[in-house]
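Asker: So the chains spell out like this:
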Amino acid sequence: MTAAFVAGADAPTEVPLKRRLKRAERARQFKALALVLPLLLFLLFTFLGPIAGMLWHSVDDWEVPKTLPHTVAALSDWNGKDLPDEKAFAALAGDLQAARAAGTVAIASKRLNYVINGFRTTLASTARNLKTAPEPGTAKDTLIAVNPAWGDRATWAAIKSASGPLTSFYILGALDLTRNVDGAIVAAPAEQAIYRDVFARTFTIGFGVTALCLILGFPVAYLLANLPAGRSNLLMIFVLLPFWTSLLVRTCAWIVLLQSEGVVNDGLRWLGVIDEPLRLIYNRFGVYVAMTHVLLPFMILPLYSTMKAISPAYMRAAASLGASPVTAFRRIYLPQTLPGVGAGSLLVFILAIGYYITPALVGGAADQMISYFIAFYTTETVNWGLASALGAVLLLATLLLAVVYGKLVHGQQVTGGMKN
Amino acid sequence: MSANHAPRTTSQRAAWITTVVASTLVFIFLMAPILAIMPLSFSSGAYLTYPLPGFSLRWYQDFLNSPRWMLSLKNSMIIGVASTILSMVLGTMASLGLAQWKSKFKPLVLAVVLSPVVVPGVITAVGLYFFFAPIGLTGSYAGLILAHTALATPFVVITVSATLQSFDMNLARAAASLGASPLVAFRRVILPLILPGLASGALFAFATSFDEVVVVLFMAGPEQRTLPREMFSGIRENISPTITAAAVILTTVSVILLATMEALRRRNEKLKGNLPG
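Line by line, the protein sequences are chains A and B.
Read in order, the letters of the first sequence correspond to residues 1 to 420 in our numbering.
Read in order, the letters of the second sequence correspond to residues 1001 to 1277 in our numbering.
Bear in mind the hints are in silico, worked out from the structure with no lab data behind them.
Glycine included, each C-beta is placed from N, C-alpha and C at the ideal position.
Among the hints, erroneous ones may be present.
Sample of chain B residues at the chain A side, in silico, Cβ under 10 Å [to be verified]: (1) V1026; (2) M1031; (3) V1119; (4) Y1129; (5) A1150; (6) R1229; (7) V1248; (8) M1261.
Put together the whole structure using the sequences plus the hints.
Answerer: Right, dumping it as structure tokens:
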């Protein structure tokens, strides 16, 4: 406004003023960015960095290059068809002796054992029995004499496949795939191929919980949206209180309720409905009950706000035009709730597939979802590569769904900017 | 029954009654676990069944006298308060900045800032575990506070941004034109008006940290175990009535947080209603 005023009065000063305003605006934008920057840097260190680190672990292949560097170098021009030449055997003998002296044989053998079960023994026994460096030119015969596995091209192919610096081994493993001796991608052996089932189970449970939340949440949201404000606010407490109650408290409470000596079984026995306690927990049923309970508010709240915005005039108009209540509900009301149904369902599904605590506490061995296996490989067997690869697949699925969710609810609304 | 949804015909009335009955059952389902566990914590017996043999406060006494539970309560408080303060500072600054920043990268930055809410807990926890272990931040308060701050800040940004959206920037401009420095304008004009929003953000942040268990599971040493973490082990081993006492204490904290939040929301709505639009 100032610009226009000055421009009218005295044209020559217009340019510098415009530039000054521009500069002021640029300073303002710079200040705004400076306010956001600390949080971005903080998240870089405490969130983005760690996630990137996890993704890096899923492709990082450092163990064999670090412990058997000369062998890796000698195998770099190996054709993979026949046994490697004498040079590679001599390099391996040298590397193994050095690794044994440094106490690092276990690092390489752990990694190689993922490729061929039993490699740990091969490597350990070879390192142990190789007292002195073989005479020049005899390394091949010496090693094969110590352990016949060295005469098998698969043993060498395993080392070459783990030669780094990057590997697709863990990602393929997370998808029940592996590479055969010739490096072609094939199905993993049946006893290792469990992850597709785990992912399928995760999505099945996620889908089931979402469906249950929708069925249970829809009438509640409808009721809350159509009651007078006073009463609906009061009833809203029944939704918000569980929402705010600790996840651990609710999970613990379900165990108390559902276990074989629990409140529900005792009650049913007292009523004479059953003689033997029902198995209500540490199985799929318990997982569905507890997870539906935890996630139900995430369905009710978006449904409620969508239904609240639907004008009753539409239903009255439909009725006045002769639609039966069922038709009016199905053709007029229901379509208008779809954005809420979509948002609530996606939200519940996204949260459900990442669940760890609840299934871990109320599920049986056959009800553990993908998060359980990520935690298991991280802390129990310390197979960080596989843990990270499984995490990468789950992260990808979650982010794809989150993008769809963002599009659905126009996530950018959150900070549309202050009133100007 | 609502004026705008007065059922007229018999079938409409039947549908409405069905809705009421179904909703009542769902409300019972929602409240049952909390209501069932409360009386058990006051039981004088050691078994978690009804009818209660008698009333006693022995499990609360047990809780208060147990060094393990008390340490976990103290840890939850330390980590909760520290990460609330840190996330309030970072989140409020970022919200103020985001509200004025105009750039095509804004949606991307916003997605990054809000992403800790969406990413599954285990992935965050595993990533932090890999990242913090080599630099000695696992098994420390600092590591847990940093992690919980990252998880809590999105809620602060969401709440504070929503408040700023209804804040009239002309008030800040008026303050500036009357000679207030940006800092004075913030403290004397902006802050008092967005205070309820900030308080809600702080409550959200505290609740997030107070309830978080997955990151704690991976990163806490025995000295940093929080209340939910202690409950996790308790449930794993066997559920003693002391856990129900801990659960009731946790729920009481939740109720206080919820009630405060509700009061703030009401106050805010009243303020908005009174101010000319």
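Asker: Taking the hints in turn, state whether each one holds.
Answerer: Going through the hints against the structure:
For V1026/B, the interface hint holds, the least distance from its beta-carbon to any beta-carbon of chain A being 5 Å, beneath 10 Å. Checking M1031/B against chain A by beta carbon gives a least distance of about 6 Å; that is within 10 Å, so the hint holds. Here the hint on V1119/B is kept, as its CB sits about 6 Å from the closest CB of chain A, short of 10 Å. This hint holds: Y1129/B has a C-beta 6 Å from the nearest C-beta of chain A, less than the 10 Å allowed.
Interface restraint check for A1150/B: the shortest CB-CB distance to chain A comes to about 4 Å, inside 10 Å, so the restraint holds. With a cut of 10 Å, the hint placing R1229/B at the interface with chain A holds, because the nearest CB-to-CB distance is about 9 Å. At its closest, the beta carbon of V1248/B sits 8 Å from a beta carbon of chain A; the interface hint therefore holds under the 10 Å criterion. Below 10 Å, beta-carbon pairs count as interface contacts, and M1261/B has one with chain A at about 8 Å; its hint therefore holds.
The structure fails none of the hints (numbered hints given earlier).
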